[in-house]
Amino acid sequence: MTQDQLKRATAGAAIHYIAPKLEPRSIIGVGTGSTANFFIDLLAELKGRFDGAVASSEASAQRLRAHGIPVYDLNSVDDIQVYVDGADETNAALQLIKGGGAALTREKIVAACAGEFVCIADESKWVPVLGRFPLPVEVIPMARSLVGREIVKLGGDPVYREGVTTDNGNVILDVHNLCITDPPQLERAINNLTGVVTNGIFAQRPADLLLLGTSSGVKTITAK
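Per our numbering, the very first residue in the sequence shown carries number 1; after that it's consecutive.
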């Protein structure tokens, strides 16, 4: 199977998983990226069975609206039943690296509000130790150099993602050459740097369930 076929298969598995849980008042959190796009396209088949969605990016919001799915501001909803999103990396504890699409801050906010976080990914994203994928860090623009110097002290090699501005008006540093053996500790350490909005480690709030697309089918994995 191609990578796109694996992504579509995991998105389909997510639809199958959430469909029995939907109620007329359900709000679905929807992530950002290529795998999330497959999920959005399939979610359109269920519109009318739930109230609407909260999106983690403007791009996802536009895609949802194009399918006729109502999109709500997070401040206007009481709770999010389930949040479905992809990942750039996942380990066996379902701790993630996210932010390849530069939507990490809003993704982290939506995940924090969700009753359940379902991650959908293909098998290329499964790693024994996080850090092979460069870690995105969202930074207030005037603090870019300051944060970069501090990240070097933590052992990383930060690279400015040129030409990218987040939906929040900030910039991204991609941190290379990390071996993240203690994800919660590093997540806290980077978030404590002055000028950092947040970083792409999802360990303090990991996924609850991983639907992993493999050549032998979609595997359902819970945190170990």
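Be aware that one or more of the hints could be misleading.
[Said to hold, decoys possible] Label pairs and their calculated CB-CB ranges: (1) Thr214 <-> Val129: 31 to 39 Å; (2) Gly115 <-> Gly217: 25 to 33 Å; (3) Lys21 <-> Gly155: 39 to 47 Å; (4) Gln204 <-> Tyr160: 39 to 47 Å; (5) Asn177 <-> Leu74: 29 to 37 Å.
[What the hints assert, rightly or not] The calculated lysine to any residue pairs, modelled on SDA-like cross-linking and capped at a C-alpha distance of 20 Å, are: (6) Lys153 <-> Asp182; (7) Lys21 <-> Asp78; (8) Lys224 <-> Gly195; (9) Lys47 <-> Met1; (10) Lys21 <-> Val77; (11) Lys224 <-> Tyr160; (12) Lys47 <-> Thr2; (13) Lys153 <-> Arg188.
In case anyone wonders, no lab produced these hints; they're calculated from the structure.
Just so you know, even glycine gets a beta-carbon here, dropped at the ideal spot from N, CA and C.
Against the structure shown, which of the earlier numbered hints fail to hold, in ascending order? 1, 4, 8, 9, 11 and 12
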